[in-house]
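If you read the protein sequences in the order shown, they are chains W and F. So for the first sequence, the working numbering puts the first residue at 1; every next one is plus one. So for the second sequence, the working numbering puts the first residue at 1; every next one is plus one.
Take the hints with a grain of salt, since some may be wrong.
Heads up, simulated DSS-like pairs for lysine-lysine below, C-alpha to C-alpha not over 30 Å straight-line [what the hints assert, rightly or not]:
(1) W/K150 / F/K84
(2) W/K233 / W/K222
(3) W/K233 / F/K13
(4) W/K222 / F/K127
(5) W/K233 / F/K10
(6) F/K262 / F/K281
(7) F/K127 / F/K13
Label-pair restraints from in silico Cβ distances [claimed, not checked]:
(8) W/K233 / F/G188: 34 to 40 Å
(9) F/W61 / W/V235: 40 to 46 Å
(10) F/W61 / W/Q242: 44 to 50 Å
(11) W/T239 / F/R340: 35 to 41 Å
(12) F/P28 / W/D155: 37 to 43 Å
(13) F/P56 / W/T239: 45 to 51 Å
(14) W/T195 / F/L231: 30 to 36 Å
(15) F/P56 / W/Q242: 47 to 53 Å
(16) W/T246 / F/P55: 51 to 57 Å
(17) W/D141 / F/Q47: 31 to 37 Å
(18) W/Q242 / F/K127: 39 to 45 Å
Short derived list, chain F residues pointing at chain W, Cβ under 7 Å [to be verified]:
(19) I160
(20) L207
(21) S208
(22) P211
(23) L303
(24) A337
Honestly, the hints are just simulated from the structure, not real lab data. Just so we're clear, the structure is a prediction, and the values are computed from it rather than from any experiment. Just so you know, even glycine gets a beta-carbon here, dropped at the ideal spot from N, CA and C.
One-letter residues, chain by chain:
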Amino acid sequence: MHIVVCIKQVPDSAQIRVHPVTNTIMRQGVPTIINPFDLFSLEEALRMRDAHGGEVTVLTMGPPMAADALRKALTFGADRGVLLTDRFFAGSDTLATSFALSAAIEKIGKVYGKPDVIFAGKQTIDGDTAQVGPGIAKRLDLLQLTYVAKIASVDPETRAITVERRAEGGTQVLQTRLPCLVTMLEGSNEIRRGTLDDALRAARAEIVTWSATDAGIEDLTKCGLRGSPTVVKRVFAPTARQEKATTIGEPGDSARDLADNLIAEIFARKPALEGALAAAGCAA
Amino acid sequence: MKKELPEHFKSYKHVWVAIEMERGQVHPVSYELLGCGRTLADKLGVQLAGAVIGPPGEATWHAVAEAFAYGADMVYLVEDPVLKDYRNEPYSKALTDLVNTYQPEILLLGATTLGRDLAGSVATTLKTGLTADCTELDVDDDKSLAATRPTFGGSLLCTIYTLNFRPQMATVRPRVMPMPERQDRPVGRVIQHRLPMVEEDIVTKVLSFIPDSQSAKVNLAYADIVVAGGLGLGAAENFQLIRNLASTLGAEYGCSRPVVQKGWMPSERQIGQTGKTIRPKLYISAGISGAIQHRVGVEGADLIVAINTDPNAPIFDFAHVGIVTDAVRLLPALTEAFIRRLSPHNRDKLAS
Ligand SMILES: Cc1cc2nc3c(=O)[nH]c(=O)nc-3n(C[C@H](O)[C@H](O)[C@H](O)COP(=O)(O)OP(=O)(O)OC[C@H]3O[C@@H](n4cnc5c(N)ncnc54)[C@H](O)[C@@H]3O)c2cc1C
Ligand SMILES: Cc1cc2nc3c(=O)[nH]c(=O)nc-3n(C[C@H](O)[C@H](O)[C@H](O)COP(=O)(O)OP(=O)(O)OC[C@H]3O[C@@H](n4cnc5c(N)ncnc54)[C@H](O)[C@@H]3O)c2cc1C
Numbered sequence: 001m002h003i004v005v006c007i008k009q010v011p012d013s014a015q016i017r018v019h020p021v022t023n024t025i026m027r028q029g030v031p032t033i034i035n036p037f038d039l040f041s042l043e044e045a046l047r048m049r050d051a052h053g054g055e056v057t058v059l060t061m062g063p064p065m066a067a068d069a070l071r072k073a074l075t076f077g078a079d080r081g082v083l084l085t086d087r088f089f090a091g092s093d094t095l096a097t098s099f100a101l102s103a104a105i106e107k108i109g110k111v112y113g114k115p116d117v118i119f120a121g122k123q124t125i126d127g128d129t130a131q132v133g134p135g136i137a138k139r140l141d142l143l144q145l146t147y148v149a150k151i152a153s154v155d156p157e158t159r160a161i162t163v164e165r166r167a168e169g170g171t172q173v174l175q176t177r178l179p180c181l182v183t184m185l186e187g188s189n190e191i192r193r194g195t196l197d198d199a200l201r202a203a204r205a206e207i208v209t210w211s212a213t214d215a216g217i218e219d220l221t222k223c224g225l226r227g228s229p230t231v232v233k234r235v236f237a238p239t240a241r242q243e244k245a246t247t248i249g250e251p252g253d254s255a256r257d258l259a260d261n262l263i264a265e266i267f268a269r270k271p272a273l274e275g276a277l278a279a280a281g282c283a284a
Numbered sequence: 001m002k003k004e005l006p007e008h009f010k011s012y013k014h015v016w017v018a019i020e021m022e023r024g025q026v027h028p029v030s031y032e033l034l035g036c037g038r039t040l041a042d043k044l045g046v047q048l049a050g051a052v053i054g055p056p057g058e059a060t061w062h063a064v065a066e067a068f069a070y071g072a073d074m075v076y077l078v079e080d081p082v083l084k085d086y087r088n089e090p091y092s093k094a095l096t097d098l099v100n101t102y103q104p105e106i107l108l109l110g111a112t113t114l115g116r117d118l119a120g121s122v123a124t125t126l127k128t129g130l131t132a133d134c135t136e137l138d139v140d141d142d143k144s145l146a147a148t149r150p151t152f153g154g155s156l157l158c159t160i161y162t163l164n165f166r167p168q169m170a171t172v173r174p175r176v177m178p179m180p181e182r183q184d185r186p187v188g189r190v191i192q193h194r195l196p197m198v199e200e201d202i203v204t205k206v207l208s209f210i211p212d213s214q215s216a217k218v219n220l221a222y223a224d225i226v227v228a229g230g231l232g233l234g235a236a237e238n239f240q241l242i243r244n245l246a247s248t249l250g251a252e253y254g255c256s257r258p259v260v261q262k263g264w265m266p267s268e269r270q271i272g273q274t275g276k277t278i279r280p281k282l283y284i285s286a287g288i289s290g291a292i293q294h295r296v297g298v299e300g301a302d303l304i305v306a307i308n309t310d311p312n313a314p315i316f317d318f319a320h321v322g323i324v325t326d327a328v329r330l331l332p333a334l335t336e337a338f339i340r341r342l343s344p345h346n347r348d349k350l351a352s
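Bound conformation, chain W alone:
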């Protein structure tokens, strides 16, 4: 089987800081990681390859340094990394991103064999739209299975795949046909450690690097800012509430006094709440 996994390099959000004066994001020196949601998809792809044979190609679109994310994926055991990088991609929204990634996946199919399954993450931790997976599926005319908790079976011969998909209020058991696009739910597996061999191979591996033209993209107006229907017009800080919060207590107050005063304040503001709580027999 040939499996393609789309991964995105994202800032390690826990460490992002906002400049207190200018309100802009301070990105310098913020470490980057593979989008954590993508690792669940990568692990599932590796398991599929281990079970059925074949290759896993990881694909990312980003600046040249996104090669680091691909190399990291190779240390987990992926077979090949493809970096799509070009200044024409700058400022892509999800429509332009899925356009570029779809073109690259078609090219990957021509060069390394048609993929049977394409994985994407459920969503990213920075843009967090969950739109790129369905976008790729639609552009490549693939069936899509999103929010997959478990791949129950996949059969490269009959081309059938059965999955458990998280739906509103329950789990759908779905069967469809390869090729398809899958996004995995968090917690569905745990990324492996990767072997020493993989680490050595990753260090030496050549990352396949394509420009827009290399990926077979002819219409550059569909890329980047120009190919993005959404426009970010304003970035601003939320306004504080008109009245500041009422502060309860003085330094040195006992916890018991603070608690009593807080409850008095809550019920003074929400008299109905006390009755409702008492009626519901709470704390009884």
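Got chain W sorted already, so can you dock chain F with the ligands onto it with the hints?
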């Protein structure tokens, strides 16, 4: 920066809400969206329509009737047996066809698993913009949709436009918009549209559906009282203090995102932009700093109480009542104080 809208998009008019139905149940987010769609439509001076997609039968017609009850002026309906369960192929075909035929200028969907699966497909087919997880929707003087959502990392919001394409699409998470008042209104104009698909055309089959067990359901989004803890509680075992207070109040409990990342609480308990949005009558937060991604998830609460050791924590910018103190010390005292105040014994004494 705003260019003239291309000629072929000028006929796109009216505000639509995709009414989400799964297994016969309308998701309440659809009503919340009708509420905010109503405001947008009134500002634009256009109609508000619900787009209902489902199998023939009572449940689908119930959804149609409810769309009117929650403010729609009309409904577009695609009714077909292949639409029994949600599947991407027939649903995205149905919604895309409706949009191409009747041309709305704005299309809103819930940011649920169904809505996100569907919205991304439809927007890509239509080659239009889609703004995810908006916390505020408005129309500008020039009538374009201003969709506001938090940006990553810090304490900022951004406003996104889809200027030169139609429809302007946006998703909104459940509970972000207030639930509008339901009014008994007659079913109005319903335009039915055919789905040119038969079961044989659809590759994906639903083999079965396993409903969530009652105990697995965390009813955070719709709870009346929510108690939540953040990293400031310092250790996994301190979350027992949160659970104790919650159970005393018959409340739900939750947490901030890093708490989930640390494995101190399961992800279905996360409150905020990438977790649940809540609108309780009372929200008590302990050891939570109040970053924008958390704030947008709780701002709809009637009364926000914050417990934090740092008087400058951003949470005090939007809380109504604050206590600057160690939450680990205060929480047990608060639980006890509630028990004292609410126990029938003491209430009787107060009454006599
Ligand atoms: C704060 C913020 C808000 C934004 N809001 C919007 C918005 O509302 N609408 C909009 O259209 N755009 C938006 N964007 C732009 C959007 O984030 C980018 O287009 C981005 O390239 C992809 O979107 P995402 O990060 O949301 O990915 P998601 O759609 O959440 O990603 C899903 C999966 O797609 C794959 N994937 C995504 N990007 C790449 C990549 N570069 N390379 C390889 N695989 C990838 C990964 O497998 C990923 O897990 C926003 C960006 C930011 C920073
Ligand atoms: C794309 C994206 C999505 C996100 N989504 C979410 C989301 O859905 N929900 C969410 O919550 N976050 C989300 N975040 C993370 C968010 O930006 C913040 O990092 C997070 O909310 C901070 O969590 P916290 O307040 O628990 O921790 P911290 O910011 O570390 O704050 C801890 C607070 O506890 C106080 N404290 C310390 N000790 C005590 C004590 N003993 N008693 C009382 N107070 C004490 C401190 O003063 C501090 O204010 C998201 C981030 C990104 C980038």
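What hint numbers does the structure not satisfy?
none
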